[in-house]
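Chemist: Just so you know, the sequences run in chain order A and B.
Taking the numbering used here, the leading residue of the first sequence gets 1, the next gets one more, and so forth.
Taking the numbering used here, the leading residue of the second sequence gets 529, the next gets one more, and so forth.
A couple of the hints might just be wrong.
[Claimed, not checked] Selected chain A positions facing chain B (Cβ under 7 Å, derived; list incomplete):
(1) Lys400
(2) Gly401
(3) Ala402
(4) Phe405
(5) Glu528
[As the list claims (entries may be wrong)] With a cut-off of at most 25 Å between alpha-carbon atoms, the simulated PhoX-like pairs for lysine-lysine come out as follows:
(6) B:Lys684 x B:Lys718
(7) B:Lys684 x B:Lys538
(8) A:Lys406 x B:Lys714
(9) A:Lys523 x B:Lys684
(10) A:Lys438 x A:Lys406
(11) A:Lys438 x B:Lys684
(12) B:Lys718 x A:Lys279
(13) A:Lys400 x B:Lys659
(14) B:Lys719 x A:Lys400
(15) B:Lys714 x A:Lys407
(16) B:Lys718 x A:Lys400
(17) A:Lys523 x B:Lys659
(18) A:Lys406 x B:Lys659
(19) A:Lys200 x A:Lys178
(20) B:Lys714 x A:Lys279
(21) A:Lys468 x A:Lys178
(22) A:Lys407 x B:Lys659
(23) A:Lys406 x A:Lys424
(24) B:Lys714 x A:Lys523
(25) B:Lys538 x A:Lys438
(26) B:Lys714 x A:Lys400
(27) B:Lys719 x A:Lys438
(28) A:Lys400 x B:Lys538
(29) A:Lys407 x A:Lys479
(30) A:Lys406 x B:Lys538
(31) A:Lys407 x B:Lys684
Don't read these hints as lab results, they were simulated from the structure.
Here a beta-carbon is modelled for each residue, glycine too, at the ideal position from N, C-alpha and C.
One letter stands for each residue in the lines below.
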Amino acid sequence: MERDLKIILFLCNWSPHAAYQALQDTLAPLPREIRMVRIPCSGRITKSLLFKAFETGADGVALVGCEPGTCRYGIGTSVAERNVEDTRGILELLGLGRERLGFAAFYPDQPDALLDFLVNFRNRVAELGKTPVVPAIAEVQSGASEGNAASIMATHNIYTCQDCGKCSSACPVALSGKPFSPRAIANAVASGELESPAVKEDIWSCLTCGLCYDRCPSAVSFPEFVRDMRNAGKNSANGRFEAHEGFFQSLMRTMTSPGLPVRHWDWLPEDVQTDAGSKILFFGGCSPYFDTFFRNHLGVRTTDILADALRLLNFFDINPAIMPNERCCGHDLLWSGDRDNFLKLARLNVELISSMGIEEVVTACPECYRAFSRDYPEHGIEPGFKVTHIFELAEREISKGAVGFKKSGRKITFQDPCRLSRTKEGCELPRNLISRLKVRAFTEMQDRGLSSLCCGNCAWTGCDSFSKAMQVKRLRQAKETGSDLLLTACPKCQIHLKCAMEDPLLGEEIRMEIMDLTSVLAKNIQWE
Amino acid sequence: MDRNSTEKSKLEILITGFGGQGIVLAGQVLGMAASLLDHKESTLTQSYGPEARGGACSAQVIIADSTIHFPYVRNPDILVCMSQAGYDKYADLLRQNGVVLYDLDMVRPPEITADSFPIPATRIAEELGRKMMANIVMLGFVTAVTGAASVEAMIKSVCDSVPSGTEDANTAAFNKGYEFGMAVLKARRKKAAAAKGGEP
């Protein structure tokens, strides 16, 4: 059993490696389960690299660096400490336990201390046992074959493209200045140039926001075409199109392990009421992971959306069930070219939710909403329960009457989430709710509703300077409305727009308070 | 006393409004639900004439568990007002501890001493597509707030009384009024609980 343990040791080239060599020279009894990887600096091991080891089946990972003052690069050790803390937070949420990730710093002349640390760490991991993670690596496919591409094109009406260019003139990516054109990809694929850069790279630049589909006179469903091309030609050998070095893809794949004892809701504030026996389930989404991952960078608090959504339900006397072992809905895996693992997650989710006897699933995330209500059935997985967006439920309850909102002096504007706003109903739903708020002013941005601009990224792929340009453009539009509060309806809109606000050169010009519509509803609603 | 016990089992309801709002029909629906479907005793008297041309008209419904000896409403327990004139004319007759239910867009009561429940019935009916269903919305509201007749009986009675082909629309209007009433009651409970909890 112990022999089977897999422990990865990331060992800094400098101080601790000298200590390690001393141990090797003296034939010290190093635990044989430990596999050492020599690295240039502990600060260069990102969260995604630390986590990748767990995704691929490591039982423990130790990161060993230099004592803070002796880091050859100055800040390496302090960066490593932050990365370790954030990754431990993720491990905690997944139920793997924070102790599976060890961190220590040594001087070159401390071989005995290093040995103690390694032996103790090995023993601790042995106590924790084997990891429940079953590695679920995306299958590497060489690329889309001719026949495969032909069937994808037929499915999404690519042959009906009239080459009119309306898609490119509306595409936010093209308008941000990137040499990118939806119809150019369509043309390239139609003429069999599957290996051309236009296809291999540009399919990863697409936001899949759906604006081109809205504008297309021939109803070419370009976003879904791109989605299927990504799935057919997954180029996972180099993950260079994945944002945050593929951390979130790793996270989602890890969650396909059925035995993972996820602890999704441990952070929930005590005032929130839930009822394990309820027929209504609140499905939160990945906000706890986002908040943990971005804690030291953006200070985002997207878990507030989940707590406020639950408070809003409580206000209507609905105490929903929550799944302690809730997983990702899989939306981003599907849209970043890993359909196999999306399907695993989808089946697992439907199985878990059905076993709880749930009749209705309520969610505040537009991506979870789309995945459950549309992507699951389209992939042959029938949920068997009703899927409701929190806005639908709020509209239903508020229209019964006797409910009002507190007066507020805020001037607001609204950022549509792509996964909700590409239908007329999806645009009206949040606006109906906003019209009930008693705010000082509600001013629409230049691009809004069906024509609204994406927050700049989708499915954690293709983030670059053009994405930033798009986000800055969007924030300028928001500023132009004269509003002091930007309402969003998707945790990712918040993350991406807040990231753009970190720009040191633009500073106050684009800085603005952001809050989710769900939170504003929950904070201001009252009985009349 | 004997008199008190008969008083308790008797509910006098006065519905007032303009001629043409369906006041009499509302009274009829309520009375039929109580008598034919809930198997109680009920009477309906109506006052129309010059009022039918747009003045204050009224329908007087009495619902009781035992025989009703006198069919006119003298002091209503429940006053339903769908017009200002109706309110002005009948408000003084309201029994002590009686309740007033009124359309808040049609009636602006000067000062209400009695327990009152406003509802935008006409607005709700307009939102549903037919202004003329305001009376049915109001009936839903009355059912929720006063419990004068059972919900099932009321819906059946509504469907039996409206022109054929409009049953679904009228049922929807009734449900809307009923839901509004339930929401208002819930809001009052919540506010009372909050006041007890010492919230400002």
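Chemist: Evaluate each hint against the coordinates.
Modeler: Against the structure, the hints come out as follows:
| no. | hint | verdict |
| --- | --- | --- |
| 1 | Lys400 | 4 Å, holds |
| 2 | Gly401 | 4 Å, holds |
| 3 | Ala402 | 4 Å, holds |
| 4 | Phe405 | 13 Å, violated |
| 5 | Glu528 | 6 Å, holds |
| 6 | B:Lys684 x B:Lys718 | 32 Å, violated |
| 7 | B:Lys684 x B:Lys538 | 23 Å, holds |
| 8 | A:Lys406 x B:Lys714 | 18 Å, holds |
| 9 | A:Lys523 x B:Lys684 | 41 Å, violated |
| 10 | A:Lys438 x A:Lys406 | 6 Å, holds |
| 11 | A:Lys438 x B:Lys684 | 39 Å, violated |
| 12 | B:Lys718 x A:Lys279 | 24 Å, holds |
| 13 | A:Lys400 x B:Lys659 | 18 Å, holds |
| 14 | B:Lys719 x A:Lys400 | 17 Å, holds |
| 15 | B:Lys714 x A:Lys407 | 22 Å, holds |
| 16 | B:Lys718 x A:Lys400 | 16 Å, holds |
| 17 | A:Lys523 x B:Lys659 | 35 Å, violated |
| 18 | A:Lys406 x B:Lys659 | 30 Å, violated |
| 19 | A:Lys200 x A:Lys178 | 15 Å, holds |
| 20 | B:Lys714 x A:Lys279 | 22 Å, holds |
| 21 | A:Lys468 x A:Lys178 | 12 Å, holds |
| 22 | A:Lys407 x B:Lys659 | 30 Å, violated |
| 23 | A:Lys406 x A:Lys424 | 28 Å, violated |
| 24 | B:Lys714 x A:Lys523 | 19 Å, holds |
| 25 | B:Lys538 x A:Lys438 | 44 Å, violated |
| 26 | B:Lys714 x A:Lys400 | 11 Å, holds |
| 27 | B:Lys719 x A:Lys438 | 20 Å, holds |
| 28 | A:Lys400 x B:Lys538 | 30 Å, violated |
| 29 | A:Lys407 x A:Lys479 | 22 Å, holds |
| 30 | A:Lys406 x B:Lys538 | 41 Å, violated |
| 31 | A:Lys407 x B:Lys684 | 42 Å, violated |
In this structure, the earlier hints numbered 4, 6, 9, 11, 17, 18, 22, 23, 25, 28, 30 and 31 are contradicted, and the remaining ones agree with it.
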